[in-house]
Amino acid sequence: MSKPDASSPAARPIAAARRKSAADAVPARRGRPPKTQAKAAGETRDLILDAAEDLFSKHGFYGVTIREVAREAGVDTALVHYYFGAKRDLFDAVFLRRAQVWNDDRVAAIDRYAEAAGPDMTLEGLLEAFLRPPFEWSLKGGPGWKHYAALVAQTNANPTFGGETMARYFDPAIRRLIELIAVVLPDASEVDLYWGYHNLSGALTLTLGETGRLDRLSGGLARSGDLETAGDYMVRFAAAGFRAVVGMSPR
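Numbering (the working numbering), first residue to last: 8 to 258.
Derived from the structure by calculation, the hints contain no laboratory data.
Ideal Cβ placement from N, Cα and C applies to all residues, glycine included.
Hints are not guaranteed to be accurate.
[What the hints assert, rightly or not] Below, simulated DSS-like cross-link-like pairs (lysine-lysine); rule was C-alpha separation at most 30 angstroms, straight line: (1) Lys65 - Lys153; (2) Lys65 - Lys94; (3) Lys65 - Lys147; (4) Lys153 - Lys94.
[To be verified] Simulated restraints, written as ranges between beta carbons of each label pair: (5) Asn165 - Arg104: 11 to 21 angstroms; (6) Tyr69 - Asp111: 25 to 35 angstroms; (7) Asp96 - Ala164: 16 to 26 angstroms; (8) Lys147 - Arg243: 15 to 25 angstroms; (9) Arg104 - His66: 15 to 25 angstroms; (10) Thr236 - Thr84: 40 to 50 angstroms; (11) Gly125 - Arg104: 27 to 37 angstroms.
When you get a sec, could you build the whole thing from the sequences and use the hints?
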């Protein structure tokens, strides 16, 4: 049977009904997306960040592609670009996510300690407060924090962009620590304190990277995964190191 012509009387009621239905339809919402949609987008971003963090921590920045991150996260490559742009932008997003937590915790810890200790503040107390948060996150924060610690260790030793990246995300917290150490060690020059921290920084990131080097070197007598013990050793070692360099450069 042939369809009625759109201009025929039989077709007019149908066309009119369609127009009325369209006129009565609820207009599309504008502004913020629904909460469920926003939640889904946030979960997708986290999946991508987790996958990128894992891969970057194992293979470094240059050993990972956007396609590999997408495959690991179970999403389309275009979605990674949509949320994060180029690979360096994705790397920066990975780095920033936990850097904020680390540094906020460290600054809060040393400020609390300095306020509570007052004139009785010690170098060991300051270092304990500053170092404890990253060790605690690595111990109790789950696999993501282990990956992040390894990523920081790699970045700290990267001659291409490591210095710039570490400076961008970590310098404010480090400068606050050095400011407080200067109170405890008034005879130290700024040069002394910066060299002292430089040596501590290398030891900290290598230790949190848990490379297993210590296990092999010591024949199993010491374990790189024993972060509780590592933290205790580092506080004493770093405190002795800071005291030892005082006076090496004139004030």
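Results for each hint:
1. Lys65 - Lys153: Satisfied, since the Cα-Cα distance of roughly 11 angstroms is no more than 30 angstroms.
2. Lys65 - Lys94: 16 angstroms, holds
3. Lys65 - Lys147: Judged against 30 angstroms, a Cα distance of about 20 angstroms means the pair holds.
4. Lys153 - Lys94: Holds, because 21 angstroms separates the two Cα atoms, which is no more than 30 angstroms.
5. Asn165 - Arg104: 11 to 21 angstroms: For Arg104 against Asn165, whose Cβ atoms are near 19 angstroms apart, the range 11 to 21 angstroms holds.
6. Tyr69 - Asp111: 25 to 35 angstroms: With Cβ atoms ~30 angstroms apart, the hint holds.
7. Asp96 - Ala164: 16 to 26 angstroms: 22 angstroms, holds
8. Lys147 - Arg243: 15 to 25 angstroms: Since the Cβ atoms of Lys147 and Arg243 sit about 23 angstroms apart, the hinted range of 15 to 25 angstroms holds.
9. Arg104 - His66: 15 to 25 angstroms: With Cβ atoms ~19 angstroms apart, the hint holds.
10. Thr236 - Thr84: 40 to 50 angstroms: 43 angstroms Cβ-Cβ, so the 40 to 50 angstroms window holds.
11. Gly125 - Arg104: 27 to 37 angstroms: Check passed, 35 angstroms falls within 27 to 37 angstroms.
Going down the numbered hints, you'll see the structure goes against none, and every one checks out.
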